[in-house]
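Novice: Below, each chain spelled out in residue letters.
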Amino acid sequence: MGTSLSLDRISKSFAGNKVINNVSLQIKSGEFVSLLGPSGCGKSTLLRIIAGLQNADQGDVALNETSILGLRPNERNISMVFQNYALYPHMSVHDNIATPLMMSSFSFWARQPLIRNFWPGNRSTNFLIEEKVLSVAKSLQIETLLDRKPGQLSGGQRQRVALARAMVRSPAVFLMDEPLSNLDAKLRIQVRDELSQLHKSIGATFLYVTHDQTEALTLSDRVAVMDAGQVLQFDTPQNLYQKPANLTVAKFIGSPQINCWEMKADSLGRLNQGEWLVQGNLQLSVNSKVTLGLRPEQIQVSHNSSEFSQAVDLRIRARVTRLENHGPEWIFWAEPTTGKPVPLTVRASTKSMPKISLGDTLWLGWLLQDCLVFDHQGQLLNINLIPGSPA
Amino acid sequence: MKSNRNDAEFRLAWVGMGLATPASFLLTVLYVLPLLCLLLLSLTDYELGATTLSWLGTENFQRAWSDPVFIRSLKNTLVYMAIVIPGGVLLSLLVALLVHQRARSRSFYEVIYFLPVTSTMIAMATVWQFLLHPKLGFINAALKAAGLGQTAFITDPTWVIPSLALIGLWQMIGFNMIIYLAGLSQIPQEIYEAAEVDGVHAGWERFIRITWPMLTPTTLFVVVTTCISAFKVFDTVLALTQGKSQSEVVLYAIYLEGFQYFKMGYAAALTLIFLALIFAASSIQLFKMDKKAHYA
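In order, the protein sequences belong to chains W and F. Here the first sequence is numbered in the working numbering, starting from 1 and rising by one per residue. Here the second sequence is numbered in the working numbering, starting from 1 and rising by one per residue.
Incorrect hints may have been included.
What the hints assert, rightly or not - Derived contacts from chain F toward chain W, CB cut-off under 8 Å, selection only:
no. : residue
1   : D7
2   : A194
3   : V200
4   : H201
As the list claims (entries may be wrong) - A short list of chain F residues far from chain W (calculated; beta carbon distances all over 12 Å):
no. : residue
5   : T21
6   : W55
7   : A64
8   : Q189
9   : V197
10  : R209
11  : P213
12  : M214
13  : L215
14  : K232
Stated by the list, open to error - Label-pair distances were calculated between CB atoms; the ranges are:
no. : chain 1 : residue 1 : chain 2 : residue 2 : range
15  : F       : Q186      : W       : A62       : 51 to 61 Å
16  : F       : F114      : W       : S181      : 54 to 64 Å
17  : W       : G156      : F       : A202      : 52 to 62 Å
18  : W       : K138      : F       : L78       : 30 to 40 Å
19  : F       : Q186      : W       : K138      : 31 to 41 Å
20  : F       : V117      : W       : K138      : 51 to 61 Å
21  : F       : I112      : W       : G40       : 33 to 43 Å
These aren't lab readings, by the way, just hints derived from the structure by calculation. Ideal placement from N, C-alpha and C gives every residue a C-beta, glycine not left out.
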């Protein structure tokens, strides 16, 4: 029996500046959901509203269909892991982890300094707390650090302590605010993996804020892409990549960025790029502005126009203007030698194309079905491209 | 080879000493020699302007412990400190906590509380003398109106030291408050938010579990500086009582012996005792601060 989390039309302004605009999300029980977006898009504010650290101007937050807006942060059955860990520097690791339990297990007077040593019944409660702290510490392999202060720990260890403090109450929902951003690259991948395992083993609902698309796409069941206080698309990582709802999502997901051609349909609804001519399977509005998108890895590369390893619908010649070797793959930028000079980013495996050098003129080809078509407002059109028929 | 290395080390040692010479010279002339002079003086019966002096050994120090004025001044200073140190630390913390939460009026309060620090105590003493005056003073008028009778704050031996201590507090709180405000703004907001999520939200618990322990380094600094300045109380005594009504404090006793009675030898001995006490008090606190310095 897990806990679902639903956000209903949440809005929030700071000094007249709308940071969250009518956001609704339905997060299923046990789901791992990421809020992905550039800094300042309102994702952290949304998390803080769910945690109860900030009030929403409008809207509702509910766990299992029950509103939690009137509850204090600690009464919400939610834990939060902060970006800078926010450990209590003056307390030992043990006391850091024990704090949430101590606050929830003892009455106000029973937990006050001095008095707590004499309060009846505290000993058995203390024993339970000790047990819980130790078991959580063991599960995160920090049981040897319990006597240390946070200042004596490495970044990765602090991260674990912060996680332990969040886990010790066994909350229904975990909120994480860029928890990996302070770790170095290698540790980040390791902890990312551990987070994923943790999610599977405890089965709680996770809501994870990040600006790193790799983290979001690898960890999550679903990702909510946010920009300017709005959710642009809430979908599985695969759908975000293959069927981005609009141009902003298409540009945000995928690295290097998607290639775009801004074009205008002619009087017959065709798109003319000089060297190639295409049209929609459904007719595009006459004279409408559209943007074609094509992922860099969907472009085939060949030294010879007839040597593409897979079928292509269109082929052009282009000169390599910038080249990066990433080991298993090339990423290069190429300018078409004829037609309109729209530079393309291409990703090609070094295995199939062992030799590319700067200034080379190569053949690039792709399938029309891989092209995404966006209308003048940037919304994805449900249209497939086909070769244009000459008038 | 070996002698070459020794040569290099030798040269390095000379260069090091050469570079340290100017600082060592200044330290010696400005601090060590005066202290040695003081020590030598304290062992004699030298009087200012006298042409002869004789060696007394430790007689000056023995005399100090049986000198009723010095003992009283020591007692007065301790009473003064006993009021000013806890009061100066806790009240300034309280004020800092209240001022810290102000958004727009914060700078206003900062200026108000800091004014006494910048004002000259000798000039402000006149105001206090007037306020505390048994007949003309505002405070006595208020007490009288409340039916509490009159108190001669400055001339009654039981009240004079507490009154001086209150004036000392008045002057000191602004300075300590600024230091506490700096300490408070060092505590990251995120920690309070984590505390909120963990269930630490009542004001008292936020204070006792987060704010107070995280202010430990600030508090130790404030205690040491307050302690030293309380120990050095002098100007209010000179301006308000001139030591009358048994209100001598240590520095005033030294001033009397040295500059009123010209007994330089005895004054030097008292000064050494004074320095030893300050040194002892500060080193205890510094030692404690060192032990608590394991901070993130």
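Novice: Next, verify each hint and record whether it holds.
Specialist: Checked hints:
1. With 8 Å as the threshold, the beta carbon of F/D7 stays out of range of chain W, its nearest partner Cβ sitting at about 44 Å, so the hint is violated.
2. Hint on F/A194 holds. Least Cβ distance to chain W is approximately 4 Å, under the 8 Å limit.
3. Against a cut-off of 8 Å between C-beta atoms, the interface hint on F/V200 holds, since the closest Cβ of chain W lies about 6 Å away.
4. Hint status for F/H201: holds, given a least beta-carbon distance of 6 Å to chain W, under 8 Å.
5. Remark: the non-interface label on F/T21 is consistent with the geometry, its nearest Cβ contact in chain W lying 40 Å away (cut-off 12 Å).
6. Every C-beta of chain W lies more than 12 Å from that of F/W55, the closest at about 55 Å, which supports listing it as non-interface.
7. Every C-beta of chain W lies more than 12 Å from that of F/A64, the closest at about 42 Å, which supports listing it as non-interface.
8. Not every Cβ of chain W is farther than 12 Å from the Cβ of F/Q189; the closest lies at roughly 9 Å, contradicting the non-interface assignment.
9. Against the 12 Å criterion, F/V197 falls within the reach of chain W, whose nearest CB is about 5 Å from its own CB.
10. Some Cβ of chain W comes within 12 Å of the Cβ of F/R209; the nearest lies about 8 Å off, and the non-interface call is violated.
11. At roughly 4 Å from the closest C-beta of chain W, the C-beta of F/P213 falls inside 12 Å, breaking its exclusion from the interface.
12. Remark: the non-interface label on F/M214 conflicts with the geometry, its nearest Cβ contact in chain W lying 6 Å away (cut-off 12 Å).
13. The claim that F/L215 lies off the interface is violated: its Cβ sits roughly 10 Å from the closest Cβ of chain W, which falls inside the 12 Å cut-off.
14. For F/K232, the shortest C-beta to C-beta distance to chain W comes to about 32 Å, beyond the 12 Å cut-off, and the non-interface label holds.
15. Take F/Q186 and W/A62: their Cβ atoms lie about 38 Å apart, and the range 51 to 61 Å is violated.
16. At roughly 40 Å, the beta-carbon separation of F/F114 and W/S181 lies outside the given 54 to 64 Å, and the hint is violated.
17. In this structure, W/G156 and F/A202 break the distance hint of 52 to 62 Å, their C-beta atoms being roughly 33 Å apart.
18. Separation of W/K138 from F/L78 is about 54 Å and departs from the stated range, judged on CB atoms against 30 to 40 Å.
19. The hinted range of 31 to 41 Å is satisfied by F/Q186 and W/K138, whose Cβ atoms lie roughly 34 Å apart.
20. Taking 51 to 61 Å as the suggested C-beta distance range, the pair F/V117 and W/K138 conforms, at roughly 54 Å.
21. One distance hint, 33 to 43 Å for the beta-carbon pair F/I112 and W/G40, holds here, with the actual separation near 38 Å.
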